[in-house]
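S.K.: Sequence:
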Amino acid sequence: MTATLDNTWGSIYLGVVLSAMFFGITNVQSYNYFLRYPRDWMVYKISVGALWILDCLHLALSMHLGYYYLVTRFGDVLAFNFVIWSQKAQITVNVIIIVGVQSLYALRVWKLAAGYNQRLIPCLVILSIVAGYAVGFNLAALTWKEDSFLTIYKISWAINTSFAVSTAGDIAIAAAMVYYLLKGRSNFASTNSKLASLIQYSLGSGIATSACSMTALVAVTSCFNRP
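With full-length UniProt numbering as the guide, the letters of the sequence shown map in order to residues 1 to 227.
Mixed in with the good hints there might be a few duds.
As the list claims (entries may be wrong) - Computed spacing ranges between beta-carbons, pair by pair:
1. N138 x P38: 35 to 41 Å
2. G15 x V77: 30 to 36 Å
3. Y33 x A141: 31 to 37 Å
4. W144 x I25: 28 to 34 Å
5. N81 x A141: 19 to 25 Å
6. V43 x F23: 19 to 25 Å
7. I53 x W110: 24 to 30 Å
8. W144 x G49: 23 to 29 Å
9. D76 x G49: 35 to 41 Å
10. N117 x E146: 46 to 52 Å
11. L124 x Y37: 26 to 32 Å
Said to hold, decoys possible - As a list, the in silico DSBU-like pairs of lysine-lysine whose alpha-carbon atoms are at most 35 Å apart:
12. K145 x K88
13. K45 x K154
14. K183 x K88
Since the hints were made in silico from the structure, they are not lab data. Backbone N, C-alpha and C fix where the C-beta goes; we use that ideal spot for every residue, glycine too.
Work out the full structure: start from the sequences and follow the hints.
M.R.: Structure (structure tokens):
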């Protein structure tokens, strides 16, 4: 792929800006969670706090690599031949965040299924999460071995597989949650109304995360296949 200002400096700038925007959303969601659910299960509270810290670290790494390429090495086209350490660390942190969030959702699916004495669907969801762990940390390990963007195509299969498995995991989680929420419908209108809201949330979050992963997969694939 031919290097241009748009797909080098431009993409880094947009990436840093979007990271800052999403970190702001994370702050609001984390604040609302701790404010509204002070008595929630301690595992969830610790997990939310840990994910907030990881997201903060992710933004810091994004800002570092952005400053390095856009300020420190500004105008140096050869700088893009080398993968800076913060970019490798960012990928590792991103993998941890993704599998961490999916693990929390898988735990919710397991708890929902417990009321129906069913384990097949939760086990399938857990298998998709385990696959995400495997391909995600494999990608992170391979990334640390690459020092040049000129040879990054060697691990394109790992990048594509990681996005594909992440998308599959999001879809599996959303489908499982909707399935069990539908099974929980009753003859009470108020209960069904709350379940409908939960179903909409599950579908919305599942579609949103799957769409992001799919978009990234298409973008990366087209990038590697472009002359």
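S.K.: Now look at each hint and say whether the structure bears it out.
M.R.: Against the structure, the hints:
1. N138 x P38: 35 to 41 Å: 39 Å, holds
2. G15 x V77: 30 to 36 Å: 19 Å, violated
3. Y33 x A141: 31 to 37 Å: 32 Å, holds
4. W144 x I25: 28 to 34 Å: 29 Å, holds
5. N81 x A141: 19 to 25 Å: 22 Å, holds
6. V43 x F23: 19 to 25 Å: The hint (19 to 25 Å, Cβ to Cβ) holds, given that V43 and F23 are roughly 24 Å apart.
7. I53 x W110: 24 to 30 Å: 25 Å, holds
8. W144 x G49: 23 to 29 Å: 27 Å, holds
9. D76 x G49: 35 to 41 Å: Distance hint for D76, G49 holds at roughly 39 Å.
10. N117 x E146: 46 to 52 Å: 47 Å, holds
11. L124 x Y37: 26 to 32 Å: 29 Å, holds
12. K145 x K88: Roughly 9 Å between the alpha carbons, so the hint for K145 and K88 holds.
13. K45 x K154: 40 Å, violated
14. K183 x K88: 43 Å, violated
Hints 2, 13 and 14 from the earlier list are contradicted by this structure; the remaining hints agree with it.
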